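*Asks:* So the chains spell out like this:
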Amino acid sequence: MAKKKPSRLDQLVKLVLYPLNWLEERTSIPGHSGLVGGIKYFLFRKVPSDISWGHTLGSAALTAFIVQAVTGVILAMYYKPDPNSAYESIRHITDDLWAGWLVRGMHRWGASVFIILLFLHMGRVFLYGAYKYPRELNWIIGALILVLGMMEGFFGYLLPWDQTAYWATVVGVNLQATGPFVGPFLGPVLQGGHDIGPDTLARFYSLHMLVIPGALAGLIGLHLWLVVRIGVSSPPWSPTEAGRPQPGPPPAPRKGLVAPAPRGARRR
Amino acid sequence: MNRRLEERRAYHARYKHDVKTRGKPFYPYAMFHDTVMSLLVVIVIVVLAVIWKYSTPHEDPSSSGWLGKLYDEKADPGTTNFVPRPDWYFYFLFYLLRIFKWPESVILGTVLIPTLLIVLLIALPFIDIGRERRPLRRPVAMTAAILVIISMGALTYKGATAKEPLAAENLVLVPKWAQKQGFAGNQTAVDGAKIFAQVGCMNCHTYLGAGTSNLGAPDLSSIGKTSNRGVAGFADYVSDPSKFGNNVMPQFRDLGADNLRKLGTFLQSSGTCSPKSSNCPAAGGQ
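Top to bottom, those sequences are chains E and S.
Quick note, the working numbering runs 1 ahead of the 1-based positions in the first sequence.
Going by the working numbering, 226 is the number at position 241 of the second sequence; the sequence numbering is gapless.
These aren't lab readings, by the way, just hints derived from the structure by calculation.
Wrong hints could be hidden among the right ones.
Interface residues of chain E toward chain S, partial, derived using beta-carbon atoms under 8 Å [stated by the list, open to error]:
#, residue
1, 88
2, 114
3, 127
4, 156
5, 161
6, 164
7, 240
8, 243
Just so it is clear, the structure is predicted and the values come from calculations on it, not from any experiment.
C-beta: ideal position from N, C-alpha, C; glycine also.
Whenever a hint applies, use it, and build me the whole structure from the sequences.
*Replies:* Okay, here's the thing in structure tokens:
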């Protein structure tokens, strides 16, 4: 029997699949899918049939975060976190660099868009009652993302080193000093001394572009992981709401949990 | 196993079952919506940046366009005319500080209420533990949410529209003050009043009806009578208020000894320069 020559298409498919299989082979353990399998699962997993635009606010907020990350990295290439040159570097970015105003403008306004989308996303989750079992932990992670997002705003506000930035931060730091116990220590720790100066700017810069964004990225990853694992909730008023009791035998509880067989009629 | 957990697990198992049997794949259905929305977000951000840039007059890049200035003047710890304005999502906190005044209740606005809000936000899933998700059947949760939205909105609006006085506007008032308070003949006090009008004191303090009582700072119209620290005492206080237990007011050490002395003279003259009073600083200084 003569061996058939593989077609062009088969060769192409093989060419694409080879690195994917290689990657899968090296990221999976027996019985569990690896990176490629995970991405496949992410893309082709089932979601409730009745979800729509309301469920896009989370990914919209993620998009705004990515815009902040990308524009932030570009700004960091030209910004100088030092009181003698910070203001001038901002003016240089805005006035002289090609599209510098665009990158800075996107970063400045993207921050507000990010916060607005976080609030809208939170409102949607609240309206749908989607913070209830088993999604409580993801609500908490979301709340932390909101708090950290606002802190990003506070620490980033000083960086242009103009009058508004400086004096708003003076007031902000002074207000934190009114707190009980830790309050009086918080100011000097944040400022890196008794006045707002070079150390404050360096400290705020580090917090604004390393510490908080790192924490945010980690929390967003965890948030998404839980979303995929648990699943997004149907709108509660939908006639085809996933999870609403249907006529017929109830499905068996999840495997692996110490759960007795379901008994009795279920109430909604 | 308790009954609630059992019910919850059954509900989620039913959810997983329904999604598996009746759901749609994320790609392409949900991903289509997400992609359109993400593009919209990027477009909105770019449009905001473009409006910000191109509504600013070319001939004067430091003036304000539709979305505010491209940049303010460079930070100067030594001067003048600052406007402590936070970003808009802190306006509600900003306004809380006008409601809760320093020093008695400022801690309510700076620490207690923000902490309470964060704790309530995080604790929500443990407070609202019912399984019902339909909004109309959750009257308590919905009422609470609407109240929060209204109050946050109102505080944000009030914080946004709270007017900060401009130094130039305050400066006009100095001769009127000098006449009313009776220190017109004392050039040091008049100079001090000009400093007072310009360096931002009136962003937090009121004086004879002008200025704003931001952060609950007291009215200073007759501070010379009520506080009576003397010229040097006031200069010391303004130089570093934290030495006197005031951690809210910024330091003004950078004004320099001469300016501080003038400021102190002005403050000591306020409310004490009526004909009967003997505390009024003599013309020319001490």
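*Asks:* Now, for every hint given, state plainly whether the structure supports it.
*Replies:* Hint by hint, here is what the structure shows:
1. 88: Hint on residue 88 of chain E: holds, closest Cβ of chain S at ~4 Å, below 8 Å.
2. 114: Cβ of residue 114 of chain E sits 5 Å from chain S, so the hint holds.
3. 127: 6 Å, holds
4. 156: 11 Å, violated
5. 161: 6 Å, holds
6. 164: 5 Å, holds
7. 240: 12 Å, violated
8. 243: Constraint on residue 243 of chain E satisfied, holds at 4 Å.
The structure is inconsistent with the numbered hints 4 and 7, although it conforms to all the rest.
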